[in-house]
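Asks: For the record, the sequence lines run as chains A and B.
For the first sequence, the positions run 1165 to 1477 when our numbering is used.
For the second sequence, the positions run 21 to 344 when our numbering is used.
Each hint should be verified, as a subset may be incorrect.
[Unchecked claim] Think about it this way: if two alpha-carbon atoms lie no more than 25 Å apart in a straight line, the pair counts; the simulated BS3-like pairs of lysine-lysine are:
#1 A:Lys1293 x B:Lys339
#2 B:Lys53 x A:Lys1293
#3 B:Lys53 x B:Lys66
#4 A:Lys1186 x A:Lys1470
#5 B:Lys268 x B:Lys339
#6 A:Lys1416 x A:Lys1192
[As the list claims (entries may be wrong)] Covered by chain B, according to a simulated footprint, are these stretches of chain A (three or more residues, beta-carbon under 8 Å):
#7 1295-1305
#8 1316-1322
#9 1399-1406
#10 1465-1477
What the hints contain is simulated information worked out from the structure, not anything from laboratory work.
Glycine is no exception: its CB is placed at the ideal position from the N, C-alpha and C atoms.
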Amino acid sequence: MTTDRLTADLRAMWRIRAFEEKIQALHKNGDVRGSVHLCIGQEAGPVGACDALGEPDALFATYRGHGWAIGRGTPLRPLFAELLGRATGVNGGRGGSAHFSAPEYGFYGEDSIVGGGVSHAVGAALAGKHDGTGRLAMAVFGDGAMNQGAVHEAMNFAAVFGLPVLFLCENNRYSELTPIRDMVRNEQLTDRATALGMPATRIDGNDPAVVRETVADLADAAREGGGPAFVELTTQRLVGHYIGDVQQYRTKEELAADGLVEPIAIATAKLAESGVDTGAIEREVRDEVETAARQALADPAADVSKVKEHLYA
Amino acid sequence: MPELNYSGAVNAALRRCLEEIPETLLYGEDVAKPGGVHGVTRRLWKDFGDRVFDTPISESAILGSAIGAAMLGRRPIVEIMWADFFLVALDQMVNQAANVRYISEGRLTAPLVVRTQQGNSPGACAQHSQNLEALFTHTPGLRVAMPSTPQDAFDVMVSAVYSDDPVVVIDNRTLYFGDKQEVVTDAAPAPIGGSHLRRTGAAATVVTWGAITHQVLAAVDRLAGEGMRVTVLETPWLNPFDHDALHKSLAGTGGRLAVVHEANTTGGFGGEVIVRALEAGVLSGRPLRIGTEDSRIPATPELAAALIPGADRIFTELKQFLTR
C-alpha cells in the first residue's frame, strides 16, 4: 500500500475516533444524554469497506454504527447535532445515537435491535433488482448478531434469490458483554455463511487496505450476479459495550494487548517509519471534529411543537 | 362489474395494483406457483413474472426485506400466511416498520402492505386461531384494516397499496369462499379509512369489524323481527378509526353502544372504542362488549364454539342489553 493511501486511511480513521472521543466528552458533561455505543478500535472496517459502495448502493448498520455513517460521507455536524437533540440533526433528534440515518449519503440507518436491520439490506438489494440500478447492499453487524435467527433468515433469503448483498460481521469478540466464543460451539462463523451457499472469508479487520481489497472484490462478484457474500472482520472494541460499561469481564492485560493491534496504532507505526507526521494528522482532524461539535452545540434545539409529526404520511 | 367472492376480490385488487403500480412486488410463503395456501393469489405469478414470488418460511426475512425494499422505493405486498405467524417476526412490524418514518423525521418511509388472515375456523388449532388486530392497533405508525365483504376486501387492498404508510390487512379465511357479489373494481383509489352503516335503528349503535360482522347482522336482524332496531356500524379500518361516524351514530341512538369482535375481550380494540366514546362524552348508560372468552382456543369445533361469540350469543346479549 502506498504511503499516500495509508495516510488518507489514517486520517479517515482518526475522523471516526475523534468523533467518538468527542462524544465521550459531551456525554460526560451531560450534553449528550442516554445510551451511546462507540466503535473505538473498529475504525478500519468502515474506512476500508465503504470505498466499495457507489451512488445507488445502500448501507445498513447497527447501533455501533457511527463509523459507518461517517464512512459513507455523512458530515460530522449533523451527526453531532443528532446526538445533541438539535433540529439540525440527521433525523432532527428523533433517532439519536442508535438510529443515525442519512439516505442522501446511501446510509440507510443504524438499528438498535441486534440483527434487526440485516433483512432490510436484503430488501434494498431486492429493490435494486427491480428498479434497474442493480444496487449493491451492505449489512454490517456484530458477532452477537450471528446468534440471531433473523440474521440467518436474511442471509438465506439473499442466497436463495442471488441478491447482491454483502454481509459484514465485525467480530470484536464480545456479544455485548459476553465473549462470542462462550456462545458458539463452532467459532468459525464463516462456516454458517458457507452452509447457506455463499462465499465467506475471515480477514484482518484492523487493516483498512485488506478490508478495502476484499470487500471490493466481493462487491464486484456480487454485482456480476454472483449473489451474496459474507466477510468476518476480526477487530476489537477498545471501550465498553456502552458508555459507562466498566467492562469487569475484561482484564487490563487484554485491553493493553488490544491497544497494540488496533488499527490507528498500527497505521501510525507504519507511517512513522516512512517519516509521516502522524501527530499533525491527528491534530488537524481533532480541530475539524471540535469545529463540527461547536457548530452543532450552537444549533437550535429540536422543535418540541413538531414532536407528533411524521408518524404517518 | 365482475361478480367476485372475497378471495376473488382480493385477487382482483392485487392484480389491479400490480398492473397500475410498477413498483409493487408480491411475495410470501407459497403465494406464487401454489397460488397461496387459500388460493387467494393464484395465477398472479404467471402474469407478473418475477414481481410475484415464493419465499422461504422466514417471516422475519419476508417482512424485513419488504421494509428495506420499501425504503428504496418499492411497494411490496407481502403475505404472512396466518396472523399467528406474525409473532415470530413481530420485531419487524413493531420495532422496524412502524419506526421508519417517525425516527427519520420523514426522510425514509416504508410503504408496505402485509396481508394476513386470522381467526378460528372449525378444527383450527390454538396456534392458528388467534385474532391479533389489537397488537397492531396498539402500535403507533401502523395502519390496520379488517374487511368482511368482497367490495371492502377489494377497496381496502387498493387503498392500502396506494397508502404511503405500512398497512396490515387482516382477512378471515372463513370469508374467502363466501357468496359472490358484484364488485366495483375500477373506482379511483380511495384514501384509507372510513366505515359503513350496515343497519340503521335508534335503539343502540353496534360497532363491529371483520368476519363476525356477518354474525352481528344475523343477530340484529332477529332483533328487528322482535321490534328492536339498532344501528350497525362496520369499521373495516381500525387505524385510522372512524370515530366521527361513531359519534354521529351515537347521537342518533341515545348514546347506547355495543362493540362486538372475535378477538378475546381483555385488551381488545373494543375497549378502546368504548373509552374513546366515553371520553368524548357521547356515551350514555353502560356499554356492552362482546368478544371471545379470555381463553386459549381448543381444536374441537364444539369446544371452540363455546368460547367464540356466534349469532345466538350476540342476539341474546344484545337483547339483554337493550331491555335492561
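Asks: Run every hint past the structure and note whether it holds.
Replies: We went through each hint and held it up to the structure:
no. : hint                  : in the structure
1   : A:Lys1293 x B:Lys339  : violated, 58 Å
2   : B:Lys53 x A:Lys1293   : holds, 20 Å
3   : B:Lys53 x B:Lys66     : holds, 8 Å
4   : A:Lys1186 x A:Lys1470 : violated, 29 Å
5   : B:Lys268 x B:Lys339   : holds, 23 Å
6   : A:Lys1416 x A:Lys1192 : holds, 22 Å
7   : 1295-1305             : holds (count 3)
8   : 1316-1322             : holds (count 4)
9   : 1399-1406             : violated (count 0)
10  : 1465-1477             : holds (count 5)
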